[in-house]
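Undergrad: Counted from 1, the sequence shown has number 66 at position 67 by numbering that gives the first Met the number 0; the numbering is strictly sequential.
Keep in mind the hints are simulated off the structure, nothing from the lab. Remember, it's a predicted structure, so these values are computed and weren't measured experimentally. Keep in mind that a hint or two might mislead.
To be verified - Simulated restraints on C-beta separations:
hint, residue 1, residue 2, range
1, H70, L36, 16 to 22 angstroms
2, T140, E77, 42 to 48 angstroms
3, L36, D111, 20 to 26 angstroms
4, W40, S134, 14 to 20 angstroms
Cβ coordinates follow ideal geometry from the N, Cα and C atoms, glycine included.
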Amino acid sequence: MIKEKAISQKNILHERNISKDHFIIENKQEFAGYHILLDLWNIKFDNSIKTLRKIICEAIKISGATLLHIHLHRFGKEKGISGVAVLAESHISVHTWPERDYIAFDIFMCGDTHPQLAAEYLIKTFKPQKEILKSIKRGVTKIVK
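Using the sequences provided together with the hints, build the complete structure.
TA: The following block contains the structure:
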């Protein structure tokens with residue numbers, strides 16, 4: 000088991016342990032990882048696959064995750080982009096609606112990663128006028144005493 004300090008959604012340092020199967024033990028709970036749903040409205044983005052790939056790769060690097068593969072697909076000229084970055088620790092998926100200046104991310108990571116740092120980077124980069132962030136613990140198994 001690896002013991003480390005983690006930054007919570009509220010940027011408060013707390014103790015966290017990582018099991019051999021990459022489950023997290025934090026605040027007396029054991030769980031698979033955090034799943035962050037991030038909606039960004041009225042964003043600053045050129046809707047370029049090249050730009051989006053670069054931004055996602057940087058978010059992955061900042062989070063401490065390991066990129067295995069990334070695939071992004073455009074649905075026609077000046078249309079939205081959908082894609083997924085497959086990580087050793089899970090995934091980041093993305094869907095853009097350029098006609099609405101809206102982008103949606105799912106960030107799910109287990110183990111010794113910090114998905115909240117990826118979310119913070121995406122918010123900082125896209126500069127939305129409105130953001131909605133929901134974070135849930137996936138695979139909660141038990142309370143640890």
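Undergrad: So the hint says 42 to 48 angstroms: do the beta-carbon atoms of T140 and E77 match that?
TA: At roughly 46 angstroms between Cβ atoms, E77 and T140 fall inside 42 to 48 angstroms, so the hint holds.
Undergrad: Lying within 14 to 20 angstroms: is that true of the beta-carbon distance W40 to S134?
TA: holds (18 angstroms)
Undergrad: Go ahead and decide if the range 16 to 22 angstroms is satisfied by the Cβ distance of H70 to L36.
TA: holds (20 angstroms)
Undergrad: Using the C-beta atoms of L36 and D111, is the stated range 20 to 26 angstroms upheld?
TA: holds (22 angstroms)
In this structure, every one of the numbered hints holds.
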